[in-house]
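Once you have looked at the hints, place chains B, C and D on chain A.
4 protein chains.
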Amino acid sequence: MSSVGTPDPNPGWLSEEELAEARRRLPLLYVEAVPVRVDGIGRVTEVGILLRANASGDITRTLVSGRVMFGEGLRDALYRHLEKDLGPMAFPLLPASPVPFSVTEYFPFPGAQFTDDRQHAVSLAYVVPVTGTCEPRQDALELTWMSPIEAATDAVAAEMEGGRGALLRAALASVGRLF
Amino acid sequence: MSSVGTPDPNPGWLSEEELAEARRRLPLLYVEAVPVRVDGIGRVTEVGILLRANASGDITRTLVSGRVMFGEGLRDALYRHLEKDLGPMAFPLLPASPVPFSVTEYFPFPGAQFTDDRQHAVSLAYVVPVTGTCEPRQDALELTWMSPIEAATDAVAAEMEGGRGALLRAALASVGRLF
Amino acid sequence: MSSVGTPDPNPGWLSEEELAEARRRLPLLYVEAVPVRVDGIGRVTEVGILLRANASGDITRTLVSGRVMFGEGLRDALYRHLEKDLGPMAFPLLPASPVPFSVTEYFPFPGAQFTDDRQHAVSLAYVVPVTGTCEPRQDALELTWMSPIEAATDAVAAEMEGGRGALLRAALASVGRLF
Amino acid sequence: MSSVGTPDPNPGWLSEEELAEARRRLPLLYVEAVPVRVDGIGRVTEVGILLRANASGDITRTLVSGRVMFGEGLRDALYRHLEKDLGPMAFPLLPASPVPFSVTEYFPFPGAQFTDDRQHAVSLAYVVPVTGTCEPRQDALELTWMSPIEAATDAVAAEMEGGRGALLRAALASVGRLF
Chain A
1 MSSVGTPDPN
11 PGWLSEEELA
21 EARRRLPLLY
31 VEAVPVRVDG
41 IGRVTEVGIL
51 LRANASGDIT
61 RTLVSGRVMF
71 GEGLRDALYR
81 HLEKDLGPMA
91 FPLLPASPVP
101 FSVTEYFPFP
111 GAQFTDDRQH
121 AVSLAYVVPV
131 TGTCEPRQDA
141 LELTWMSPIE
151 AATDAVAAEM
161 EGGRGALLRA
171 ALASVGRLF
Chain B
1 MSSVGTPDPN
11 PGWLSEEELA
21 EARRRLPLLY
31 VEAVPVRVDG
41 IGRVTEVGIL
51 LRANASGDIT
61 RTLVSGRVMF
71 GEGLRDALYR
81 HLEKDLGPMA
91 FPLLPASPVP
101 FSVTEYFPFP
111 GAQFTDDRQH
121 AVSLAYVVPV
131 TGTCEPRQDA
141 LELTWMSPIE
151 AATDAVAAEM
161 EGGRGALLRA
171 ALASVGRLF
Chain C
1 MSSVGTPDPN
11 PGWLSEEELA
21 EARRRLPLLY
31 VEAVPVRVDG
41 IGRVTEVGIL
51 LRANASGDIT
61 RTLVSGRVMF
71 GEGLRDALYR
81 HLEKDLGPMA
91 FPLLPASPVP
101 FSVTEYFPFP
111 GAQFTDDRQH
121 AVSLAYVVPV
131 TGTCEPRQDA
141 LELTWMSPIE
151 AATDAVAAEM
161 EGGRGALLRA
171 ALASVGRLF
Chain D
1 MSSVGTPDPN
11 PGWLSEEELA
21 EARRRLPLLY
31 VEAVPVRVDG
41 IGRVTEVGIL
51 LRANASGDIT
61 RTLVSGRVMF
71 GEGLRDALYR
81 HLEKDLGPMA
91 FPLLPASPVP
101 FSVTEYFPFP
111 GAQFTDDRQH
121 AVSLAYVVPV
131 TGTCEPRQDA
141 LELTWMSPIE
151 AATDAVAAEM
161 EGGRGALLRA
171 ALASVGRLF
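Keeping their order, the protein sequence lines are chains A, B, C and D. Position one of the first sequence corresponds to residue 1 (the working numbering), numbered consecutively onward. Position one of the second sequence corresponds to residue 1 (the working numbering), numbered consecutively onward. Position one of the third sequence corresponds to residue 1 (the working numbering), numbered consecutively onward. Position one of the fourth sequence corresponds to residue 1 (the working numbering), numbered consecutively onward.
In short, the hints are calculated from the structure, not lab data. Any given hint could turn out to be false.
Heads up, incomplete: computed chain A residues facing chain C, CB under 7 Å, no partners named [to be verified]:
| id | residue |
| --- | --- |
| 1 | G40 |
| 2 | A112 |
| 3 | F114 |
| 4 | A166 |
| 5 | R169 |
| 6 | L178 |
Glycine is no exception: its CB is placed at the ideal position from the N, C-alpha and C atoms.
Isolated chain A, as found in the complex (with noise of 0.2 Å):
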C-alpha cells in the first residue's frame, strides 16, 4: 500500500449530504494534473485537455481533477484521478517531488479569478507525463492532445472550465512552453 494508514474506504468518507454540508463549511482540497507527452530529454510537445460534458449538460475543456480523501495521501489520490480520468493504460509518471507547479484557489463567488459554484476548493496542480494511451473514462468525452501554442490560446481559455485557461498557461510557464 503506498498511503500511510489508508482506512477502510467508507467509514470515515461522506455520504452526499455531508459532503454537501462540508461544502458550505470548509475548503476542500483538491489535486489537478495536466497531462502531457514529452520528448526523449524531457521537453513537453503535447498537452492532454479533457472534453466533458458539464452537470448542465454544456461541453467544457478541463484538466484531470479530484478531491483528495480522508488518510489518502497527495500521490494516491493524484494517482487515483488520472486512472479515473485517462484509463488504466496511461501510465503516468508521478512527479518526484509533492510540490505543485501552482496552488489554485476557486471561490463559489462572482469575481473570483478562478470559480466553482459548488465550493471553496483549493487545488494543487502538477504536469503529468503519461507515456501510455489515454481513454478517458466516466463523464470526459474525449481527451485532446494540443500542442503548446495551441493550449495557450485565447480560444482553448476560453473553454476551460472554471478559469483553468490561466492554470493551463501557468502549467506550460512551469515547463518552459509558454510563448
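Just chains B, C and D now, with coordinates in the frame of chain A:
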C-alpha cells in the same frame, strides 16, 4: 479587503462540534510559516521557532501554523496566522509566489512521517521574512531565533511537534541554508 | 562583504577583447530580475519594465539583466544589477530562495525562442519586489509600471528584447498573476 | 535534433589551455543530477551516488555533473552527462521543468560552502529518476544506491566532494524525503 468575497465570519464557519466532526471525515487545509530574518541581499540569517505548551502541558517547539477558513484566501490565512502567532508588529513580508516550498501531510495514524492526533491536515508551508518585532501571543510562550545551523540540529528536531523538524530542514534547504 | 572571497575586481576579470572571445566559446551566466510592486499580503500589483535604446538605437523594452562576474555570488550580482538599472533608492527585497522562477537560454542563432546576438547566455530570473523609488540609470530611459494584465499582452511582448515577453509571462505565472 | 542550432562541436569550443584560462576569468555553467529510483506513484525510494577516484587518487563520492558547452541546450547537457556517468542503458527521465531544485555556487576559495579548486562554477541541479541499468563509465568506479535516510547521514556527507553532502540533502528535501 484582500480576499475575494470573504464572507461574514460566522454563518459559513464551523462550531466546535462541527469542526470535530469534519476532522474525522476530510483532510483539513493548513498554512504554515517559518519566520526568518534576512540580510541586505536576502540571505536567511536566523530562523524563528515558537516555544509552546501543548494540550498535554508539554513544552514543544513548532512553527506558525493554522487552518484556512471557508472563503478565505491563502494569503489572508497566512497573514492572519502570522499576526496571531507573532503579534501585530512583526511586519512579515509574504512571498510573491503562492507556491509553497513544501506540502506536508499530517496523519492521525502512528507510523506517518508527520503526525497530528486531531486530524488529517495538509499544509502549505512558506518561508516568511519578518522585519519588525515579534511578540508571540496566544499560547506561544516565546519565539526563539536560531542560526540555520542550530535550527537543523537533531536536538531541535527532537523538540519539534508532529515531525516538523524535517519541515524545518526542508525550509532551510529551500533557501540554500541547509549545510 | 556579502559574498565569499570576492576578489579584487580587476585581475580576474575580463578585458573587452577577452570578453568578446569568451562569448564565442562559452555560455555566459546572467541574472535577470522582474521588478514588482506588491500589496500588504505579498500579491503582485504592478510590474516594472525598462524602456531602453539598444545598440542600434531602437527603443525596446527589457528586464533588469546582467552578467555574473568571476568570484561574485549570485545574490551580489542580482543586487548590483538592480542598483545599476533601478538606482540606489529602489530598495529591492531579494528572494530568500536562490532558485529562480525560470532558467532562460539565449542563443545567438536564428530560430531560438530566446535570442542574444552577442552570445549564448543562460539567465537565472527572479521576481523582485521593490519598495523604494526607481530612477533608471545608465542606458535605460525609463521604468514603466504596468498592471499584470497589461504586462502580459501581445503588444508588450512584441516590444520586449530577445523574446523576453515569454519570460515576463512566466514571471507573472510564477506569482499567480497570469490570467 | 533536440537543441536549437547546436554547432559543430569543434570550432566554438575550447582547447585545454583556453578552458584553463576561462576558468580563471568567468564563472562556468554546470548541470548536476541526483539519480533516483522511484516507486509506482513517483516517490523516491533510492538515491544513486557515484564513487570515484579524484585527481589526487582519493576515493570520494559525487553526483552526476558536467559543464554546459557553447551552443548546447541545458537538457542536452544534462542528458549527455547522465549518459557519460551512468552509461547508455540508464534511461533517465529528465524533468519536464527546466527549473532546478537548487542553484549551487562553487568557489575556488577556502571558506566557501561549496568548493571547486579549479574554478568558480554555478550548477543547476536536478533530481532525475532512472529506469534502466546504470553502468558507470569513465572515471567513476561504481554507482551506489542508498535509501534516502542513509544518503542524508553525516557519514555520507563527509565523503561527498566539494560540499555536495548539503546538495544531496537539498535534493532529498525537494522530493519530500529528508527526515
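Any of the earlier hints contradicted here, and which numbers?
1, 2 and 3
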